[in-house]
Amino acid sequence: MPATPVRMVEGRPERRAGVFCVLIVAAAGCGRKIADPPLTAEPEAPTAAAAEESARQQATAPAFEPPPLDVLDRDAKWIDRPVKDAVAVLREQQAKEQPLCSVADALALRNDSAEANAKILSALGRLPEPGQADLDARIDRHVAGDLGSTNPILISSSAEFDILGLTGFGLFSYDRTLEPFASADTVTSWQTSADGLFDKVVMRDDLVWSDGTPITAHDIAFTYKVIMDARVPVPAVRSGTDQMRGVHAYDDRTVVFFHKEPLATNVWNINFPVLPKHVYEGTWEKDPTLKDSPEHVALEEKPVSGGPYEIVSRKRGQEIVLRRRDTWSTVNGKKVREEPFLRDIRFRIIEDPNTALLALKSGEIDEMILQPEQWMTQTTDAEFYRLNTKANAPEWVSFHFAWNIATPFFADRRVRRAMSYAFDHDRMLEKICLGMYEPCAGNYPPDSWMSGPKKLTPYKQDLDKAEALLDEAGWTDHDNDGIRDKEIGGRLVPFEFTVLVNQQPFRIAICTLLKENLEQIGIVANVRPVEVTTLQDMLQKKNFQACISGWGSGTDPDSSENLWKTGEMRNYVGYSNPEVDRLFAEGRRELDRSRRAEKYARIQELLYDDQPYTWLFWRNSFYGFSKSLRGYVFSPRGPYHYSPGSGSLWKPRQE
Amino acid sequence: MATYLLRRLILGSLTLVAITVIVYGLARNMPGNPLTAQMGEDPSRKITAADYARMQRAYGLDKSWPEGYLQWAQNLLRGDLGRSITRKQPVTTLIGERIGPTLLVSGTAFLVIWLVAVPLGLYASARSGRADERAVSLVLYALYSFPTFVAALFLQIVFAVWLRGTAWELPLFGMSDLPPDASWGARVLDVGRHLILPVTCQTYVSLAYDSRFIRANMEEAVRQDYVRTARAKGAGPWRVLFHHAFRNTLIPLVTLLGLSLPSLIGGSIIIEQIFTWPGMGRLFFESIRERDYPTIMGLTLMFSVLTLLGQLLADLLYCLVDPRVSVA
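Just so you know, the protein sequences line up as chains A and B, in that order. So the first sequence is numbered by my numbering: it starts at 1 and just counts up by one. So the second sequence is numbered by my numbering: it starts at 1001 and just counts up by one.
Keep in mind the hints are simulated off the structure, nothing from the lab. Mixed in with the good hints, there may be bad ones.
Covered stretches of chain B (in silico footprint by chain A; criterion: 3 or more residues with CB under 8 Å from a CB of chain A, positions within the stretch not fixed) [stated by the list, open to error]:
id : region
1  : 1014-1021
2  : 1030-1037
3  : 1081-1094
4  : 1154-1163
5  : 1269-1276
6  : 1283-1292
Okay, derived cross-link-like pairs now, BS3-like style, lysine-lysine, Cα gap no bigger than 30 Å in a straight line [unchecked claim]:
id : chain 1 : residue 1 : chain 2 : residue 2
7  : A       : K200      : A       : K84
8  : A       : K84       : A       : K335
9  : A       : K119      : A       : K225
10 : A       : K315      : A       : K334
11 : A       : K119      : A       : K334
12 : A       : K96       : A       : K455
13 : A       : K286      : B       : K1063
14 : B       : K1063     : A       : K542
15 : B       : K1233     : A       : K541
Because the structure is a prediction, the values reported are computed rather than measured. The C-beta atom is built at its ideal place from N, Cα and C for all residues, glycine as well.
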């Protein structure tokens, strides 16, 4: 339900999450590589299963009757919520910061220390002074896969989110600290009722789709209706909208979101992509797949855009070219909002990371995510620095060993703690992660608001402690064969288990270190690399003993509920703690930020004590950038996936 | 001839059924299903058990695999290959988009291979054992054992990075750089330049193999009595080589040709990945990882049909190259 995604990290080529200042579809899995399947298998089929579902829903849910606006205004006590111009906010922030060095110095630097990294980000990440930016510039961005769909509500892969972030229309976004706000580009005012049950948005009256039709509140209400229709195979965005009672447009500009419950997470649920009503009104019910009819096929190729850019050409499997649309900034001959700095954005599809790096080195692309080994070894020479530089920043993506509590080995918390005490965390950080990652001790990033004031530190290797805990839990070497064992069900079970890992040398190295550490205390860990989908399947069926894996954090702490709540489908380790379950439920209902933070901090402490995971490290985002590129600023979700994100990128005017 | 063809077609259809049953059965029994990856990706999209069951129903995953197969076969008879679960497009569209680029690389490579391999093989057998033949053999063996992905990267670095800005520069990746509205001639040239590196990579290994294959067969043929007879009656060395020996090596060659037909369409995962070439190999690979059953089956069907056709074609060609072979 909560909006922004937690995401499992299974070592595919890196995701490309990019979002422009206007639209950040919080409800969707912005980092996801695999396109979600439509809910229907074939064009005719949706109807059978889904219509039945739709009928069932309609039968159980009472029809939603929105009250008249004057009644709502009379009864609700409206509280103003922030409406911001993301670029202006960033400009104000930067005005208070002195760059750590000049642009020329930053461009001459080699990024081989934290200090150099800070200088590069500080000098090259700044917004342009008036007249400094080349407003005709084009950026060639790297993307690792093609689009499955350009329809805003059908998207699910990271490439699709990248494009939608630039071409889509939206009311809400969040800043680089992941705080939500309404975008001043599209919204005049945003208010929430004191009881938390309604959100009222008054839209600007100077918005048009790329075909010239005005964008109105009716588009928002229409989109909600389509998303919630069971016949439409919406993959990613329904999990937030289904928490609402309804969305109603009172006039062209006023739209009200009605919530089922006053939840802290409602702020994410109202953020969904928007369809042009006038385009789909006559077609969607005839073809609810939104993909098959000739009209929908044509729209896939040339969608009507509501964001600052529109798709001008597409070569399947090769590239997607976007162009800034004049009707975004100029309506009826009047300039109504700032235009983005870049005129063209060309997404070049390169699947192979080595080829992508060669493309960056030869100047064919202006930026790319670097693999950690590329950062360490392939981007340190003059050939790389001839045209490029690089930067990194912490990202909210963490890795862990997961211990399946349902197995006899890890049911006892003392054993799980012993695992954490046995593992040489420092050695992993130094020798395997090469000092590039920050240690991770818990569920929430240490500098985030939900992490609480108490800083957790990872369990440091202490073999005596580990052995004492194992002895206490009854795992001793009864038969003197050098391996610990325990009598379970009348049978002596040796402590020998398998740790699953996907076929990535880096992760296998971490598992091998665990294996060596455990050998020292009489435990046999077999490292078993498996294909990624097979690994997923084994985790989902809880058919494993231990594994190494990763999650990307969502923007809201509630998004990790389904990793920890009893019986949730992604609670692969089978963790169950009634207090944690209760705290998640309370956290969602607590509207006061600091009281809410206390609950998540407490959850984190409980998890820390129980160690269902041995948390390993937070992974940074690593990027290579052309020296001609400026304005990249990192959030915990990388340089694009927030506001302004890619909207702050620019290239200097050639003298 | 007609009965022979009919018999072969019936046999072929039965083989086709067997292949698709086995592949479908295997695919459905691999761990995981199309929903697996989705589950692992985005836990904030809470999927309830009921939701999961509903999606399984929608994809027909709630049915046993034999039932699923029958459904697939039924749709196939209606001319419907189904829709890709992860890519949201009809499988026929997906294949249609990819087949052109794949054929462009593999067809060009195929031509180059045979245009070079046949003369090279003949040359090698004519000069057998001499220094120049040894040198060529050595080079061919070296090429045969040189991994494609290393060669590709090497070629990319040399031609797309080091030689950038010179007349020798070649494109690093992709199929074309020009906008769709460029002139026809310019686009052909552009695609041609993009083809050079992938085709080179796809060519050199087979070139080594096929020329050695021809040479080996020729070695066999030149030891035959009829060749000695031809020499004895005073035929020149090239006439002996072409007219007497080479013609008799055509049968194994035609078999090899027939069998390489499916690989023409199959594409190459490695080359397509490295050069970002929008072909079939990559699609097949991805669809297996994603457990995208309709795509896996669509591609399997196509590859199987082509393999069977290739064999049939080879058998028919035997009659052409060797009149002693009869279809009766």
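A quick look at each hint next to the structure:
1. 1014-1021: violated (count 0)
2. 1030-1037: That given contact holds, which follows from 8 residues of the region 1030-1037 of chain B lying within Cβ reach (below 8 Å) of chain A.
3. 1081-1094: holds (count 7)
4. 1154-1163: holds (count 4)
5. 1269-1276: With 4 residues close enough to chain A, the hint holds.
6. 1283-1292: holds (count 3)
7. A:K200 - A:K84: holds, 16 Å
8. A:K84 - A:K335: With a Cα-Cα distance of about 19 Å, the restraint between A:K84 and A:K335 holds, given a limit of 30 Å.
9. A:K119 - A:K225: Answer violated: A:K119 to A:K225 is near 49 Å, above 30 Å.
10. A:K315 - A:K334: violated, 34 Å
11. A:K119 - A:K334: The hint is violated at about 40 Å.
12. A:K96 - A:K455: Distance ~29 Å between A:K96 and A:K455 Cα, so the pair holds.
13. A:K286 - B:K1063: holds, 28 Å
14. B:K1063 - A:K542: holds, 22 Å
15. B:K1233 - A:K541: Violated, at about 78 Å.
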